[in-house]
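Letter by letter, the sequence shown follows residues 0 to 886 of numbering that gives the first Met the number 0.
Since the hints were made in silico from the structure, they are not lab data. Careful, some of the hints might be misleading.
[As the list claims (entries may be wrong)] With a straight-line Cα cutoff of 20 Å, these simulated EDC-like cross-link-like pairs (lysine to aspartate or glutamate) come out:
id, residue 1, residue 2
1, K503, D560
2, K866, D758
3, K503, E827
4, K67, E129
5, K428, D543
6, K503, D64
7, K67, D42
8, K67, D5
9, K866, D811
10, K866, D543
11, K866, D775
12, K67, D112
13, K866, D313
14, K428, D515
15, K67, D113
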Amino acid sequence: MTYSTDSSPFCVAVGDFNNDIQLDIVVVNQENHDVSILLGYGDGSFANQATYSTGLYPYSVTVCDFNKDAQLDIVVANYNSNSVSILLGYGNGSFANHITYATGSQPSSVAVDDFNNDSQLDIVVTNSGENTVSVLLGYGNNSFANQMTYLTGAYPYSVAVGDFNNDTRLDIVVTNSGDNSVSVLLGYGNGSFEDQRTYSTEAYPCSVAVGDFNNDALLDIVVVNQQNNDVSILFGYGNGSFANQMTYSTGSSPLSVAVGDFDNDTQLDIVVTNKDDNMVSVLLGYGNGSFANQIVYSTGANPSSVAVGDLNNDARLDIVVACNGDHNVGVLLQYNRGPLRSKITYASGDGSILRCVVVGDLNNDTLLDIVVANYGTNNVGVLLGYGNGTFRSQMTLSTGLNSHPVSVTISDFNGDTQQDIAVANFGSKSVKMLLGNRDGTFASERSYEIGFDSTPFTIASGDFNDDRRSEIVVAYNGSDNVQILVAYNTISFTNKTTYSTGSKPLSVVVADFNNDIQLDIVIVNHENDDVSVLLGYGDGSFADQMTYSTGTYPCSVAVGDFNNDNQIDIVVANYNSNSVSILLGYGNGSFADQVAYSIGAYPCSVAVGDFNNDNQIDIVITNNGDNTMSVLLGYGNGSFSDQVAYSTSTNPSSVAVGDFNNDTQLDIAVTNSGSSDVSILLGYSNEVLVSQTMLNTGNNSRPGALVIGDFNNDDRMDIGVANSGTNSIGIFLGLGDFTFANPITYATGYSPWSLAAGDLNNDTRLDIVVVNTENDEVSILLGYGNGSFANQIRYSTGSLSSPRSVAVGDFDNDNILDIVIVNYGTNELIVLRGHGNDTFAIVTFFSMNYGSHPFSVVVGDFNNDTKLDLAVANDGTDSLSILLQTC
């Protein structure tokens, strides 16, 4: 929400100026030489400004009670008149005319506290023009002694106060923008101060705040560095000295910093304004002195100052930002556990050509919301209401290229008791449905094409067949009839259904992302730098993809609950950006923006597990480029520690997790394609891992895919490896003490690519199936239950088929496992039906789209009919195919 001020608002503070127990806002306006007072209503909204004159070019503001009348007063630093202004409050939201006191040259920042222990408030001001700070001791009767000045570094710009040496006397810290340092002046408790001690920062420090960031009961310092686009953290030793800085990235040209607990975890967090990219950065603290990567929120133009407070009485800290470029202040209200609402603009967007507006409660808060059809910009806009006549920023939902929506209706179209949206699109001659998620977001878009000659002009809804689902009635332009569309969740799909993904989908995982007990899908799109999430309807069909940005060239995905909110989250390995992306799930099928963590070079495979037995999910990644494996320990709040790197052999490519020594600690297995071996790293107590064990897979073996299982029925985990270089698989039998027997190798076809394990002949012994990509075959190796296997039984997958992926499952519900294979070269899928007697029959050749080049397959029951279905990632068409069993 934005509120107008006078020209060039620069600094902002909050306080209760009219004693109504609601926080109000004060902002200094540089060009108008005044302050604006915006009185709060207690619901996050504010009255129009009232202005009061100050000195010339007011630069900084703070609030306090100077005359002990229990009414808040204001003090302002006037940059061009070399003074501070005191405005005494009347307690009703109005203020007396300002009283001025001389300072040094170009005062830029002001703070207030009792520096001489006389129970009267004093003032400290930075004088940027003469490299000093001024201290004005208060008499308690609205007057002050003449200033005393103390030397600082070059161009002091910002000041804060705290007891840095635990002597119960207040000290001062100042940022010196001209020489990239902070000055600490320790107080004697009588209003005078020691000479400065300086500590290095990054370039052009311009704002400072204090707090205990590592819970050692000692005050620390945070500084924003405008030219380095970061913040510096200096930990206090409690004797007035500080450790060397630690830095964390922010947005571009950070100007102002404040601290507070934004996620209610009792740990201090940081918020920073970023002038050049019009946003604020929130860095959530872990309580040990480290911080998560920034989360950014949009503001108005050129945010210059930030303050925090609970503006809507919901026990959560909100943020106020002075936006110098827009001549307003922005209010960002906290929502749920920490995310912030965008600032509100009540517009449908440039060129939107607004055609229709409807109202309804879209997020079940009993408050009316707004939906608009934006004909010109081909989308609908959703504005969620606060219940006080104000609304959130428009959330736009695309209706398709050149769709030109003209009419909207709201109802429950799929019987889930949530309000959905239906849109009539004049340009594309279609009706599009958007399903509601209960919280005002929309999980899916489904389009119904209408006859080419019929252009929909208006749309309405109602339950026309008494099935407790709303139907749609459409009237057409130039047609003398209407059409009824029945609720679309009654549609069932058979055979294959193809859904668009991004370019070059490489890895796919299934999970329930929106807590509807239906399986959903996530795919990494290697060449689009994003992931696609397709929400399942439970009938075997899926919503159109929702995409979320990742790092560059994502190549592997895994899922888990990283912040203990019982919602599934996503982790992605980004090959070219040397990072993993964490996307926290909201439980409604949508995800927060990624938070990236740096790891080793060229990460290519990711898995999750609790490696240090703290009941928090951790992450393991193989780094193909620097021959390491990274472990990131989870804090249980969605954030992770910096990586701990462990050496592997050459070119680690794939990772799997299991307890290899029966000590109830998770261990890790990594294939190393460059050195033809497997690395095993053992979990130990509450530590992460001990040194690795190398398992040699043979010269030039080029191990790729892994499978883990108990192949000799001794209750110890064993490992199977596909060796594409030697056309074999290797079996490493676990001895239960973190050691493995030498590998037993079994011949396969040429270039084994993918393998799976299961009991294929119902003898209670695990068998292995392998696809051989270069000679177009699948090899089945039946297990004897003692760790050895029979020679391969080979089945052709077809000429030039180039099979790439294999999975097992009971597809015909006869309690015998079957095999499914995808053929990259011939664009088809094969099912081999198991007879339970060591033989298989090819019962299905299922043709995929021409040029689809299916690459990977997973198995699951996507429509809750107790029959296994298939999801296939298609490398050639950048799509995901869902194949449902129909009999």
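Hint check:
With a CA separation close to 27 Å, the supplied pair K503 and D560 exceeds the 20 Å bound. Between K866 and D758, the direct Cα distance comes to roughly 19 Å. Compliance with the 20 Å bound is thereby established for this hinted pair. A hinted pair counts as satisfied when its Cα atoms are at most 20 Å apart, and K503 with E827 qualifies at roughly 18 Å. Straight-line distance between C-alpha atoms of K67 and E129 comes to about 33 Å, which puts the hinted pair past the 20 Å bound.
Among the hinted pairs, K428 with D543 is consistent with the structure: their alpha-carbon atoms are about 19 Å apart, no more than 20 Å. Between K503 and D64, the direct Cα distance comes to roughly 63 Å. Violation of the 20 Å bound is thereby established for this hinted pair. In summary, the hint linking K67 to D42 is not supported, as the alpha carbons are separated by about 29 Å, beyond the 20 Å threshold. Between K67 and D5 the CA atoms are separated by roughly 30 Å; this puts the pair beyond 20 Å, and the hint is violated.
Taking the CA atoms of K866 and D811, the gap is about 8 Å. The hint holds against a cut of 20 Å. Under the criterion of a C-alpha separation no larger than 20 Å, the hint pairing K866 with D543 is inconsistent with the structure, at around 23 Å. Proximity of K866 to D775 is assessed by CA-CA distance (about 28 Å); at most 20 Å being required, the pair is judged violated. Proximity of K67 to D112 is assessed by CA-CA distance (about 13 Å); at most 20 Å being required, the pair is judged to hold.
A distance of roughly 47 Å separates the Cα atoms of K866 and D313; the hinted pair therefore is violated under the 20 Å criterion. Proximity of K428 to D515 is assessed by CA-CA distance (about 32 Å); at most 20 Å being required, the pair is judged violated. Simply put, K67 and D113 have alpha-carbon atoms about 13 Å apart, close enough for the 20 Å limit, and the pair holds.
When held up to the earlier numbered hints, the structure conflicts with 1, 4, 6, 7, 8, 10, 11, 13 and 14 and fits the remainder.
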